[in-house]
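> Read off the chains here:
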Amino acid sequence: MERAFQDTFNEQLSSTNEKTILNVLSQASGSLFYEITEATNIDLEINVEPSANLKLFMLNRSNGDVDLNLTIHVDQDATCQMGLLDLQDGKFNWKQYVDLKKAGAQFSILSGQLCMPDTTKICSMEVCHEDGHTFGQMQNFAVLFDRARYEMVANGNIKKGCAQAQSYQTTRVLTLGKDHIAKVIPLLLIDENEVKASHALSIGQPDEEQLYYLCSRGLSKQQAMGLLSVGYFLPVLDLVEDKELYESLRTYMESKVGLYGRQ
Amino acid sequence: MSELVIKDLHVSVEDKEILKGLDLTIKSGERHALMGPNGNGKSTLLAAIMGNPKYTVTKGSIELNGQDVLSMEVDERSKAGLFLGMQYPSVVSGVTNSDFLRSAINARQEKPISLFKFIKEMDKAIEQLQMKPDLAHRFLNDGFSGGEKKRNEIVQMMMLKPSIAMLDEIDSGLDVDALRIVSDAIIKTQEDTDMGLLIVSHYARFYEYLKPTHAHVLLDGKIVVSGEADLVDKVDQEGYEWIEKEFGVLANKEDKKQPISLGSCAVKKVA
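Residue numbers (numbering that gives the first Met the number 0), protein chains in the order written: chain A, 0 to 262; chain B, 0 to 270.
So here's chain B without its partners, still in its complex pose (with noise of 0.2 angstroms):
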């Protein structure tokens, strides 16, 4: 049984509070749906809680069955159990999908894994997800389509085997065909493995196949409504402008970056 517990959660970017005192549990088989109009720190939560270095935390803890996750380094709360795919993977050139998995795998146990029993799980993680069968042999994103990348990103969820998978946007870029796979494969790896479910999507579609246990809408910073699938739906139909009236919280409204001009090529002198 894993616990991912976050409380009073505040994260900076530059500077700039994004997260303003979240509060969320998550446990072992439960599914959480978290949801929120595009600036209000979906995705720094996220990136937060797997330690990526351009997010600060400047106040409030995160635990991971009652390890502190803020002292560990980001390969330290890998291995403790956390996994985040993320909306725009990283491309690594040279390095094979096979050598990477294969080294993540070996990272986190002592005796290394037998190369056969890890191209059979790559391969039925292939097969389950219908990539081409070279996707062991490709580099890492290398060439990848946007579907692609998110698809192989739950390959290697159920390869590396999380207690508790964080998954930013994933459904972003997948067909609808493709969509169906992927919620199927991110279910079956539950039934699996027990882990928790973090999911961040903007489309009821997803959640409509992953049916979450827990929904959660974050606005300006802070969980400020939390409900069960229904709540999915809700805001589905209506938007968000009722939890804005009905919790009196407004919404982050991205900056919307206006065209600059670099000056001109030329310029014509007047004589």
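The following block holds chain A by itself, in its conformation from the complex (with noise of 0.2 angstroms):
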């Protein structure tokens, strides 16, 4: 399936186990909700066309797994900032590669992952600069219980040649449980001198401080920490521009982090 988007758009699309191919045609502007729904095998494939600018939220609703393969073409100052929030129960396997073609590309994605109790998100991403001039920016949160794996890695690659390109990343992993496992790789592979790029990473349990804190204001352990996770979700959901749609997706997250009780 191939489709196109012009002029302005704000369209909502729905998870298919058939390639599909969606192309930003050259200085188009608009936004794109996706439904991760029944479909458990995507191949997805994004061509945002010179001077193009895609807003792209991916939201996962899937009861089942999930095998999500991404690639997105960023052209000659074009602009895609992309969103993943995914609170579902099944495995996440999740592939993506995104290349910077041309000077003037950026991307950035905020992405928020709840691992619940013995559930699996595995995510393996490259940003891939192939010109000078280009921007990248990975910002991935989790939040994890008991016995749940969370697997990162995400790559930054500046290719020879390509000076002023900028690459960056944070993963913050928030774990709230035991037995969990938690792998984290950031990765800048650059062979360019006059270059930019940054990554940080953090993983760790709340501060007991904190959750005595947020306790002593009346707020049970399992609500606290759930409040502590909204933070970590919270960036990611302020990418859905629609008030509506982000009010409802807000209280969806917060029920599935355990603010009005667990599920």
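Treat the hints loosely; a few may be bogus.
Restricting the straight-line Cα-Cα distance to at most 30 angstroms, the calculated cross-link-like pairs of lysine-lysine (DSSO-like) are [to be verified]:
#, chain 1, residue 1, chain 2, residue 2
1, A, Lys242, B, Lys131
2, B, Lys53, A, Lys220
3, A, Lys94, A, Lys158
4, A, Lys177, B, Lys53
5, B, Lys58, A, Lys220
6, B, Lys252, B, Lys53
Pair by pair, the computed Cβ-Cβ distance ranges are [as the list claims (entries may be wrong)]:
#, chain 1, residue 1, chain 2, residue 2, range
7, A, Lys195, B, Asp133, 28 to 34 angstroms
8, B, Thr57, A, Asp66, 54 to 60 angstroms
9, A, Ser201, B, Asp133, 22 to 28 angstroms
10, B, Asp7, A, Asp64, 58 to 64 angstroms
11, A, Ser254, B, Asp133, 25 to 31 angstroms
Source of the hints: derived by calculation from the structure; they are not laboratory data.
Just so you know, these numbers come straight off a predicted model, no measurement behind them.
Think of the CB as a built atom: it goes at the ideal place given N, C-alpha and C, for glycine as much as any other residue.
Dock chain one against chain two, each of which comes alone in its own frame, and use the hints as you go.
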């Protein structure tokens, strides 16, 4: 399946098991809300053509395991801003490759993944700078409960000759249970001197003092942990511009993290 | 009418006994000033009442309206009506003040507070404490000055409407004008809710504003002397020595930590 978007657009799409190509035509600007529903094997390619502007928000609503294979090509002076929220209980296996093809191409991603007890989330993403003056930013957040497994390999790859490229990444993992596995590998492969790049990583439990403080205002331990989780996911949700959708997603997120009691 | 009754309270921290048999009763509408030199158990008392897990109650009882407070979890104590305005409130990045407070209010009532009512009440509290209007949207205590953190504790107290509020050196970090603003807010909240107050402070000026109905001096883990507001003035003018002499109790002196050497970075080898 292939679709093209031109001028201004604001569309909602659902996942399909068929290979899908989405073309955001040159100078076009708009938002795509992509819902992962029952399709389990998603192969998606997005082309953001010169001077186009795409805001992409992906939400996992599937009750089963998901394999997501996503490729995004960002052309000259084009921008792609992406958010991915996965709060479901199924396994999520996610491979993403972003190609910043020409100067002025910009890509940023904010992802939030909730790893409930015994769930697995595995991701390998690469933002490849094929030209100078390109910008890539990866910010990944995860919250882990008992026996959950989270793997994130984030790779900022700046090829030779790509002067003034910028590659940044942050991964933050909050562990709220026992016997979980968090494996985060931040990579920077740089083959050029005149670049800016950084990576940051944190994995840890909430501060006991923080929990006590929140509980001292009437929140149960579970609600306090839920609130801390909200703090991890809210920046991702902030990418949703539609107010009604934002509110419904927020309620869904708050109930998933146990703010109203574990479901 | 609420009543907090503390009897023969013994509290330890890391096997060191800090409170050694403390009795105190606080009722609705009362304002209790709690004074004493540093390191004699004032903050320990407040933390133990609130249920801070670092503090172990080894003996005695705490009851709120006849309910056993010691058997309650921290959140249950809050929901029962206790509030502690902390000396060093935690910073919680990523959680906004409004999200935190709305969750805290909703945790204590069956029906969630309407957004309109919540915003109205929060705006009122922020205005009363003369804080910046963006407070609701800022992360909890993140990047706050010392004074802002203390004012934010009072905003929380006003919103949560406890039956007994404990304020642990809430005046530290406040300038003269802020002290007046915070004092007025505390008095107004008490007038509105009839809460009982237990206030820890080292400064007579704060107590001058608040006009306590009761005053106590805590030395070496016990309340040695209690009285009315004039006790605050006497302590302010004469210190604690007269109490030590008159009641034969020695104040616990804070250990002054000596600087320690971490070793040298390099050792010069002598041939």
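> Hint compliance check: list the failing hint numbers for this structure, sorted ascending.
No numbers; nothing is violated.
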